[in-house]
Amino acid sequence: MLKKTPLFEKHRESGARMGEFNGWRMPISYSSILEESRWCRQEAALFDTCHMDQLLYRGSFERMEPFFTRKLRSAPPGKARYVLMLSNSGGILQDLLVYRLDSDALLFVLNAGSGAGVKRILGDAAPGISYPSERNAKIDLQGPRSFRVLEELFSLKFSLKPFSFTEIRLGGIPCLLSRTGYTGEPGVEIYLPPGKVPELWNKILSHPGVRTAGLGARDLLRLEAGLVLYGSDIDERVNPFEAGLERFLDFEKDFRGKEALEDIKDKGTESVRMGLVSETRRAPRAGSGIFSGEKKVGRVTSGGFSPSLQRGIAMGYIRREYSEPGTGVTVKRSGRDCAARVSDLPLI
Amino acid sequence: MVYFSKEHEWVRVEGKTAVIGITEYAAEELGDITYVEMPREGDLFARGEVICEIESVKAAGEVYAPVSGKVIETNPLLVDEPEQAGENPRQEGWILKMEISDPSETGGLMDETDYSRYLETLG
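Taken in sequence, the protein lines are chains G and D. Take the first sequence: its letters are residues 1 to 348, numbered as in our numbering. Take the second sequence: its letters are residues 349 to 471, numbered as in our numbering.
No wet-lab data here; the hints were simulated from the structure. These numbers come from a predicted model, not from an experiment. Treat the hints with care, as some may be off.
Residues from chain D shown here face chain G by an in silico Cβ test under 8 Å; the list is partial [stated by the list, open to error]:
1) Glu372
2) Tyr373
3) Thr382
4) Glu385
5) Val405
6) Gly409
7) Glu410
8) Lys445
9) Pro451
Quick look at which bits of chain G chain D covers, simulated, 3 or more residues with Cβ under 8 Å [claimed, not checked]:
10) 22 to 34
11) 281 to 293
12) 303 to 313
Calculated cross-link-like contacts (lysine-lysine; reagent style DSBU-like; alpha-carbon spacing at most 35 Å) [claimed, not checked]:
13) Lys406(D) x Lys119(G)
14) Lys406(D) x Lys332(G)
15) Lys119(G) x Lys10(G)
16) Lys295(G) x Lys406(D)
17) Lys406(D) x Lys4(G)
18) Lys10(G) x Lys418(D)
19) Lys119(G) x Lys71(G)
20) Lys418(D) x Lys332(G)
21) Lys71(G) x Lys157(G)
22) Lys3(G) x Lys119(G)
23) Lys3(G) x Lys445(D)
24) Lys79(G) x Lys10(G)
25) Lys253(G) x Lys119(G)
26) Lys79(G) x Lys265(G)
Glycine included, C-beta positions come from ideal geometry on N, C-alpha and C.
All chains, full assembly: derive it from the sequences and hints.
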């Protein structure tokens with residue numbers, strides 16, 4: 001069975017192309033994935049992200065700390081942090097946003113379908129983990145004009161700093177408004193009661209500067225921005241050093257996997273996550289090998305066409321000797337070659 | 349005369365020349381087209397061989413030679429504007445021209461009416 005978000009009927013009415021994503025029936029695109037991506041880079045795009053999982057925690061932070069790579073307490077109320085959960089051997093079990101709600105409450109926002117697994121890991125150690133019953137739906141407004149749109153629609157003065165959030169009523173609906181996102185653009189994620197989602201969705205869409213965008217555009221935007229997708233770019237087989245996520249590790253605290261990582265930190269890793277920019281419009285695709293001459297030197301984990309660069313782009317893991325930006329490589333997929341250059345992330 | 353293949357290519361026959369493109373159905377299935385990998389002019393293809401590859405934001409699709417012959421021209425517009433292959437598949441978005449080696453092969457293709465019926469069977 002596939003789950004539907006509160007906007008399912010709206011998507012169908014608007015003629016969206018629907019697809020399956022982690023157990024949910026989601027809009028892939030409403031018109032053109034490329035157009036929707038461009039609109040988000042230049043204006044403001046509205047995304048249905050109700051499929052993402054959320055967990056609420058009330059209780060001692062001390063019991064939670066060992067599971068996360070950054071100090072939960074270091075975030076004051078009103079701040080969100082991107083953190084990792086690791087295995088004992090340093091592999092990445094999960095990446096998530098942690099919102100510090102108040103002195104003893106945290107909100108975890110996870111990939112679609114990840115809630116149950118994380119709840120199990122955390123719940124065994126500490127009671128007090130639950131699925132939030134209210135405000136557990138989410139829509140994202142992303143793009144350089146997002147803040148202006150909110151100011152014009154709701155007569156407010158937008159002053160949130162990156163990774164900050166606030167409780168606010170938007171058109172009378174109690175929301176948690178967070179300056180975060182997954183597109184590389186300025187924007188917000190709005191948490192609200194599921195029953196109120198269609199109302200707020202319509203209200204925001206009534207602004208002439210806003211258009212809907214689907215998961216297709218969302219994936220291209222996050223790829224251009226160099227943001228990882230769990231299950232594609234990171235998983236338990238890679239550690240944060242390979243993944244280029246070491247800045248989200250706090251070695252001053254104790255956390256699961258730290259010992260293994262200290263060892264890895266000293267030795268270094270064979271490969272590292274880098275970007276690739278195709279020499280043509282041809283897109284490297286996930287699963288393809290990266291070659292230098294005849295030698296396999298890496299693998300592509302996400303790939304697609306970049307509307308911003310008008311080139312194929314990708315990210316993947318490549319051996320350190322070949323990871324210098326500008327290095328020429330060949331991506332091979334079912335016998336067809338795609339010439340590309342290694343690039344830093346983000347790609348735009 | 350315009351013919352259609354089950355793989356959703358159209359073929360317009362002008363004397364010994366076949367102009368080839370994809371149908372609206374194929375364009376809709378692919379979504380935004382971002383790249384067309386063309387064969388070289390002069391290359392020979394037997395009917396059913398992969399003659400070019402089309403990439404879209406969602407997928408990669410293969411175009412099969414609907415008839416046997418030699419590639420005599422590829423659409424230069426599609427180098428910089430590959431999306432035309434999907435947006436105007438029957439006009440500006442034609443893909444390539446072939447010199448037909450065996451005119452009888454068009455007998456294995458459908459006409460517009462048959463193709464419409466075929467699409468209905470696909471739901």
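Results for each hint:
1. With 8 Å as the threshold, the beta carbon of glutamate 372(D) stays out of range of chain G, its nearest partner Cβ sitting at about 15 Å, so the hint is violated.
2. The interface hint given for tyrosine 373(D) is broken, as the beta carbon of that residue sits about 14 Å from the closest beta carbon of chain G, more than 8 Å.
3. Hint status for threonine 382(D): holds, given a least beta-carbon distance of 4 Å to chain G, under 8 Å.
4. Checking glutamate 385(D) against chain G by beta carbon gives a least distance of about 7 Å; that is within 8 Å, so the hint holds.
5. Interface restraint check for valine 405(D): the shortest CB-CB distance to chain G comes to about 4 Å, inside 8 Å, so the restraint holds.
6. The criterion of a C-beta within 8 Å of any C-beta in chain G is not met by glycine 409(D), whose closest approach is roughly 13 Å, and the hint is violated.
7. Interface restraint check for glutamate 410(D): the shortest CB-CB distance to chain G comes to about 10 Å, outside 8 Å, so the restraint is violated.
8. For lysine 445(D), the interface hint is violated, the least distance from its beta-carbon to any beta-carbon of chain G being 22 Å, above 8 Å.
9. For the restraint placing proline 451(D) at the interface with chain G, the shortest Cβ-Cβ distance is roughly 32 Å, beyond the 8 Å limit, so the hint is violated.
10. With 5 residues having a Cβ less than 8 Å from any Cβ of chain D, the region 22 to 34 of chain G passes the three-residue criterion, so the hint holds.
11. A stretch counts as covered by a chain when three or more of its residues have a beta carbon under 8 Å from one of that chain; for the region 281 to 293 of chain G and chain D the count is 4, and the coverage holds.
12. Closer than 8 Å: that is the beta-carbon criterion, and the region 303 to 313 of chain G has 3 residues meeting it against chain D, so the requirement of 3 holds.
13. For the hint pairing lysine 406(D) with lysine 119(G), the CA-to-CA distance comes to about 33 Å; that is within 35 Å, so the pair holds.
14. Between the alpha carbons of lysine 406(D) and lysine 332(G) the distance comes to roughly 18 Å, so the proposed pair stays at or under 35 Å and holds.
15. Proposed proximity of lysine 119(G) and lysine 10(G) is supported: the alpha carbons are some 31 Å apart, at most 35 Å.
16. Between lysine 295(G) and lysine 406(D) the CA atoms are separated by roughly 29 Å; this keeps the pair inside 35 Å, and the hint holds.
17. Using a Cα cut-off of 35 Å, the hinted pair lysine 406(D) and lysine 4(G) holds, with the two alpha carbons roughly 22 Å apart.
18. Among the hinted pairs, lysine 10(G) with lysine 418(D) is inconsistent with the structure: their alpha-carbon atoms are about 49 Å apart, more than 35 Å.
19. With a C-alpha separation of about 19 Å, the suggested pairing of lysine 119(G) with lysine 71(G) holds against the 35 Å cut-off.
20. Using a Cα cut-off of 35 Å, the hinted pair lysine 418(D) and lysine 332(G) holds, with the two alpha carbons roughly 27 Å apart.
21. For a cut-off of 35 Å, the pair hint linking lysine 71(G) to lysine 157(G) stands: about 31 Å separates their Cα positions.
22. Proximity of lysine 3(G) to lysine 119(G) is assessed by CA-CA distance (about 20 Å); at most 35 Å being required, the pair is judged to hold.
23. Using a Cα cut-off of 35 Å, the hinted pair lysine 3(G) and lysine 445(D) is violated, with the two alpha carbons roughly 47 Å apart.
24. With a C-alpha separation of about 32 Å, the suggested pair lysine 79(G) and lysine 10(G) falls inside the 35 Å cut-off, and the hint holds.
25. Under the criterion of a C-alpha separation no larger than 35 Å, the hint pairing lysine 253(G) with lysine 119(G) is consistent with the structure, at around 22 Å.
26. At most 35 Å may separate the alpha-carbon atoms for a hinted pair to count; lysine 79(G) and lysine 265(G) meet this at roughly 29 Å.
Hints 1, 2, 6, 7, 8, 9, 18 and 23 from the earlier list are contradicted by this structure; the remaining hints agree with it.
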